[in-house]
Amino acid sequence: MTDYLTFSSNSLAFRAEQALLAAGMAVAVVPRPPGMVGRCALALKLPPGCLEGAQRLLAARRIPILKIHALTA
Amino acid sequence: MVYLDNAATSYPKPPAVLDAMRAAIERIGASPGRGGHRQAIEAGRAVFRCRAAVADLIGASEPERVAFTKNATEAINTALCGVLRPGDRVVTTDIEHNAMWRPLCRLARTGVEVDVVPAEPDGTVDPERMLRAIGEGTRLVALTHASNVLGALVDVRPIAAAAHAAGALVLLDAAQTLGERPLDVEGLEIDLLAAPGHKGLLGPQGTGFLYVGPRVDAIEPLTFGGTGSRSEEEQQPDVLPDRLESGTLNLPGIAGLSAALSYLAEHGDAVRASVRQRTAELVTGLSEIAGVRLLGPREGAVRAGLVAFTLGQTDSEEVAAALDQRGVACRGGLHCAPQAHRKAGTLDRGAVRLSPGPFTSAEDVETAIRAVDALAREVLP
Ligand SMILES: Cc1ncc(COP(=O)(O)O)c(C=O)c1O
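Going down the list, the sequences are from chains H and S.
Oh and the first sequence: position 13 is 13 in my numbering, straight run, nothing missing.
Here my numbering = 1-based position in the second sequence + 1000.
Here chain H stands alone, though its shape is the one from the complex (with noise of 0.2 Å):
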C-alpha cells in the first residue's frame, strides 16, 4: 500500500511537499494515481512508513490535510 495526501489546493499541496522535503522525507507531487476517488489533479506521494509523521508535522505547520488515501500500488 502507498499513501497519498491531497489537499484544498495545488498551492497547499507544493508547500506539503516543501515541508516534508525540508524534514527529510522523500515526498513528491505526483499526477493523480490510478484508483484515487475525488476531483484532485494532483497528490502528495508519501514514503512507506510515514504517514504519521507526516501529518504531526503538517499539523505542526498548520497545513490542512483534506483526505487521506491508501491505494494499492
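It should be emphasised that the hints constitute simulated quantities derived from the structure, not laboratory data.
Just so you know, even glycine gets a beta-carbon here, dropped at the ideal spot from N, CA and C.
Among the clues, some could well be false.
Claimed, not checked - Per the computed footprint, the stretches of chain S lying under chain H, defined by three or more beta-carbons under 8 Å from a beta-carbon of chain H, are:
no. : stretch
1   : 1038-1045
2   : 1236-1242
Stated by the list, open to error - Derived Cβ-Cβ restraints for the label pairs, each shown as a range:
no. : chain 1 : residue 1 : chain 2 : residue 2 : range
3   : H       : Met25     : S       : Gly1300   : 49 to 57 Å
4   : S       : Ala1301   : H       : Gly24     : 43 to 51 Å
5   : S       : Ala1016   : H       : Gly24     : 52 to 60 Å
6   : S       : Ala1362   : H       : Leu51     : 24 to 32 Å
7   : H       : Gly24     : S       : Asp1019   : 23 to 31 Å
8   : S       : Gln1325   : H       : Pro31     : 56 to 64 Å
9   : S       : Arg1109   : H       : Ala70     : 24 to 32 Å
10  : H       : Ala28     : S       : Gly1029   : 26 to 34 Å
11  : S       : Ala1023   : H       : Pro31     : 17 to 25 Å
12  : S       : Ser1031   : H       : Ile68     : 25 to 33 Å
13  : S       : Asp1184   : H       : Ala70     : 23 to 31 Å
14  : S       : Ala1016   : H       : Ala60     : 31 to 39 Å
15  : S       : Arg1085   : H       : Gly24     : 25 to 33 Å
16  : H       : Leu51     : S       : Asp1184   : 34 to 42 Å
Could you slot chain S with the ligand onto chain H? The hints should help.
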C-alpha cells in the same frame, strides 16, 4: 542612456531574471494548475516557489495568502472592490496614486462613503489626523506607503492599530517601497498588501500580487473562472489563492520574479543602501541648482527612492523631453497622481521625477545633475 525611471519600472533587471523566464518558457512551458502531467506539476511548483518567496519577504506565514496579479493596480482594485460594499466607509488620503483613487471614485458612485484625510504638504501623513477620521463603521483604511510623487514614507503602525481598534481593515499600497524598505505584514498587522513585482522587487513587467491577511473574512474576486481547480463547481472556489487567480497565470513572469527575489534575498542590503545613497545624492545635487524646487520631504529626511522637482515655470514634460535628449530617461507630468501634484502645487505643469535603482551608479547621478544644471542655465532667465 542613464535610466532614472525606476519608480515606473526597474531597469535593468538582474540577469538571472531573464534566464529564469527563458527557462520557464523553454523547459517548463506548461500551464500551472491545469492538468496533472509532470510538466504541469513542475509549472505549479515554480509558481509555488515564487509565492513562498513573496510570503517570506513580507513576513506572511501562509503563502496561500499571496495571490498573483498582473501589477499593483490590479491588486489594489481587487482589494478595494473585493471588500467594500455599498454603505461601507473607507478612509484614505489625498495623495493617492490613481490606481487607488479611481476605483475609490467609482465605488463612491455605488454608495461607498469615501473619507479623505489631507496629508501634510511634504507627503507625510499625520497619524493623529488619520486616527480622528477612523471611527466606528469604518470598513477599510486604504493608503499608500509612499507617494510616487512626494516620496515621504507613511508611518503605518499607529494607523493600523487605530483601524483595528475600530474594527476596520488596512490596505497598504507598497508600490514605491517594497524591495527598498523592509515590510512585515504580520508584525505591522497589514490586512491587504498590494505591490508590483516589476519595480523595487526587480521582477518583470506583468507581475504583482495581493496579500490577503487572516482578518479578511471574505473577498470577492474581480474576475471569475479558469482557476483550474474545483471544475465540478459552478462558483468560484473559496480557498486562497485560487479564489483570486482566475485564468492562466503568467508563468514566465512569475519565474522571473522568483529569480529577482532570490537576487534580493542575497543582495538586498546592498540594493537598499545603494538606492538610499543615490537618492540622497540626487537630493543634494538638485537642491544646489538655481531654479530647481524639490517636492517632498526636506533634505536628509527619510524618503522612498525618488526625487521630483520643478524647474522654474517650465512645463515638466518639456524638461523630461530635454533630459531625454541629453541621455537621461525620466518621467515628467502628473505620474498618475494628480492629487499629490495638487498638494505640491504642481497640478498645472507637473514635475520631473528622477528615480534611481540598484544599478544606478554615482556617475549616472552626476550625469543627470549636470544635465539638469545645463538645462536650467539654458531655460531660466
Ligand atoms: C504609489 C503607486 N501605486 C500604484 C502604482 C501602480 O503600479 P502598477 O504600474 O504596477 O500597476 C504605482 C506605479 O506607478 C505607484 O507608484
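Satisfaction of the hinted span 49 to 57 Å by the C-beta atoms belonging to Met25(H) and Gly1300(S): With a Cβ separation near 53 Å, Met25(H) and Gly1300(S) satisfy 49 to 57 Å, so the hint holds.
Chain H covers the stretch 1038-1045 of chain S, three or more CB atoms within 8 Å, holds or violated: holds (count 5)
Verdict for Ala1016(S), Ala60(H) (Cβ pair) under range 31 to 39 Å: holds, 34 Å
Asp1184(S) versus Ala70(H) beta-carbon gap, inside 23 to 31 Å or not: At roughly 41 Å between Cβ atoms, Ala70(H) and Asp1184(S) fall outside 23 to 31 Å, so the hint is violated.
Outcome for the supplied range 24 to 32 Å, where the beta carbon pair is Arg1109(S) and Ala70(H): Given range 24 to 32 Å: violated, Cβ gap about 56 Å.
Beta-carbon spacing of Gly24(H) to Asp1019(S) - inside the hinted bounds 23 to 31 Å or not: holds, 30 Å
Within 8 Å of chain H's CB atoms, at least three CB atoms from the stretch 1236-1242 of chain S: coverage verdict: The restraint on the stretch 1236-1242 of chain S holds, since 5 of its residues have a Cβ under 8 Å from chain H and three suffice.
Cβ distance range 26 to 34 Å for Ala28(H) and Gly1029(S), holds or violated: With a Cβ separation near 20 Å, Ala28(H) and Gly1029(S) fall outside 26 to 34 Å, so the hint is violated.
Assessment of proposed distance window 56 to 64 Å (beta carbons of Gln1325(S), Pro31(H)): holds, 57 Å
Beta-carbon spacing of Leu51(H) to Asp1184(S) - inside the hinted bounds 34 to 42 Å or not: holds, 35 Å
Outcome of range test on Cβ distance (Ala1301(S), Gly24(H); 43 to 51 Å): holds, 50 Å
Satisfaction of the hinted span 52 to 60 Å by the C-beta atoms belonging to Ala1016(S) and Gly24(H): Violated - the Cβ-Cβ distance for Ala1016(S) and Gly24(H), about 28 Å, lies outside 52 to 60 Å.
Hints 5, 6, 9, 10, 13, 15 from the earlier list are contradicted by this structure; the remaining hints agree with it.
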